[in-house]
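*Asks:* Below, each chain spelled out in residue letters.
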Amino acid sequence: MKHIKTINKANLKETAAKGGCGKCQASCQSACKTSCTVANQKCEKEA
Amino acid sequence: MIHKFKLSGYNVLLDVNSGGVHIVDDLTYDLLDSVEPPFEDACPAEVINKLSRSYPEADIRECYDEIVSLYNDKILFSEDDYEKYALTSLASPIKAMCLHVSHDCNLRCKYCFASTGDYDVGRKLMSLDTAKKAIDMLIEKSYGRKFLEVDFFGGEPSLNFDVVIKTVEYARSKEKEFDKVFRFTTTTNGMHLTDEMIDFINKEMYNVVLSIDGRKEVNDRMRVRIDGTGSYDLIIKNFKRLVDKRPKDKDWYVRGTYTKYNLDFSDDVMHLYDLGFDQISVEPVMADACEDYAITEADLPRIFKEYEVLADKIAKIRANGKFINFFHFMLDLDQGPCAIKRLRGCGCGNEYVAVTPDGDIYPCHQFVGVDEYKMGNVHDGSFDNKMKDEFARAHVYTKPECKKCWAKFYCSGGCNANNYIYQGDIHAAHKLSCQIQKKRLEVAILMKAVQLMDSAE
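One line per chain: the protein sequences are A and B, in this order.
Numbering follows this note's numbering, with no gaps: position 47 of the first sequence is 77.
Numbering follows this note's numbering, with no gaps: position 339 of the second sequence is 415.
Simulated from the structure, these hints should not be mistaken for laboratory data.
Virtual Cβ for every residue (Gly too), placed ideally from N, Cα, C.
Warning: the hint list may mix true and false statements.
[Stated by the list, open to error] Derived DSS-like pairs (lysine-lysine); straight-line CA-CA distance at most 30 Å:
id, chain 1, residue 1, chain 2, residue 2
1, A, K72, B, K326
2, B, K217, B, K326
3, B, K252, A, K48
4, A, K48, B, K256
5, B, K392, A, K53
6, B, K392, A, K39
7, A, K72, B, K321
8, B, K150, A, K43
9, A, K72, B, K200
10, A, K43, B, K507
11, B, K80, A, K32
12, B, K82, A, K35
13, A, K75, B, K279
14, A, K53, B, K450
15, A, K43, B, K524
16, B, K336, A, K48
17, B, K150, A, K35
18, A, K35, B, K524
19, B, K524, A, K53
20, A, K43, B, K479
21, A, K75, B, K480
[Said to hold, decoys possible] Calculated from the model, a selection of chain B residues having no Cβ within reach of chain A, i.e. all distances over 12 Å:
id, residue
22, K82
23, L103
24, S203
25, K208
26, Y337
27, F459
28, D465
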């Protein structure tokens, strides 16, 4: 495309279908404790 | 829903519901102010008329077709169809626990949310019996979850380190029998770290958070000892010893708080980096607006600029082939957490609880001492499942501001405790946090996008 460059896979919808296993870390346990960012966490679902 | 912003010479376009990130030219950026679904076969004449003074008509038509093409591919103006997943975690097991082994502290940090360590409920240490009962409760309520997280927190956990050691031993002794794996973490102010403690932390703790605010004058203004003197010189030495001995496969962060007194906090991040700490988290203080150090709305433009300055500094370090990680700029645009995880934040009160030295259970460490949010006690086995349900139902679709916010799948509804403390309702977004969070995300999204573009070339 000439005007728009897509950067990533844009696959959030696919993750909903396959996700929700709950194996990932509780976000507040990482390095914040006073705020909440979830998108910087890792998915830990086994392939 | 889309969100677009200009930053560092780039036009960034986010498709909120697919997670799609696009870099667009000025024409696309402007055209998106005038077009949205349902689309027509060709760009409407009134839109062309509106933009033709700035752009060639052929380009406008071409750009419109590109937008429609991405819409048809479901990576622009994609539908929000996640609400149906929002109730899936109503019956979630508890998988994480903040264990308050010490409601005492050897510092008197002026901004401490825990009232300098005792949470306004008295200076106490947790007994081993209480810690064991908390571990037992976690095992019992974690049905179906193998990986369990226990964070030794305070106050200052090293003041009760014998209980930390024995609690780890106790939990490890239960792993095989119950098919669980414990992941221990701790947060320490570094004042009392002996070699034995460091070795134990580095052996057993999956992550360790080391509290320091940055430059000596910044740290020592807020992070003071009981006699009022600063903590910097001692904790720097102790944290260096810990990090130097830390196995490479284990996580750690130095974690600071910035206040109104150091809105130039990128200098604190760089100071920590220059000292050899390359895993860094520095966050805004959350405090009542009447405190002299509190951040207010008036500080936001300065703070927003500072995140941009920080991003530039980090980019320069990385351009020289060096490593630095800033916690709140971490973002994986392709393989991050699933959409279901993103519907609610930390899981507090539902998948995550805090236990005090008396064995009282709260939704998280920040709710400790708030009577109406006491969920039970590990000694009498009480546990308020109705309150657990209330927290499970606190997701981005039950928080009115979050539901319409572009950042909802990144911050996931924010911090329920901050919402309660500053807005009076766990469902009411804490506006100051939201504004800072959104700026951090914009900077992080662009940093990642640039990195992906560079690696593709």
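*Asks:* Please go over all the hints and tell whether each is borne out by the structure.
*Replies:* These are the hints, each one checked on the structure:
no.	hint	result
1	A:K72 <-> B:K326	holds (15 Å)
2	B:K217 <-> B:K326	holds (27 Å)
3	B:K252 <-> A:K48	holds (29 Å)
4	A:K48 <-> B:K256	holds (23 Å)
5	B:K392 <-> A:K53	violated (35 Å)
6	B:K392 <-> A:K39	holds (27 Å)
7	A:K72 <-> B:K321	holds (25 Å)
8	B:K150 <-> A:K43	holds (10 Å)
9	A:K72 <-> B:K200	violated (35 Å)
10	A:K43 <-> B:K507	holds (28 Å)
11	B:K80 <-> A:K32	holds (18 Å)
12	B:K82 <-> A:K35	holds (15 Å)
13	A:K75 <-> B:K279	holds (25 Å)
14	A:K53 <-> B:K450	holds (26 Å)
15	A:K43 <-> B:K524	holds (20 Å)
16	B:K336 <-> A:K48	violated (43 Å)
17	B:K150 <-> A:K35	holds (15 Å)
18	A:K35 <-> B:K524	holds (14 Å)
19	B:K524 <-> A:K53	holds (25 Å)
20	A:K43 <-> B:K479	holds (17 Å)
21	A:K75 <-> B:K480	holds (29 Å)
22	K82	holds (15 Å)
23	L103	violated (6 Å)
24	S203	holds (23 Å)
25	K208	holds (20 Å)
26	Y337	holds (17 Å)
27	F459	holds (18 Å)
28	D465	holds (17 Å)
Hint violations for this structure: numbers 5, 9, 16 and 23, all remaining hints satisfied.
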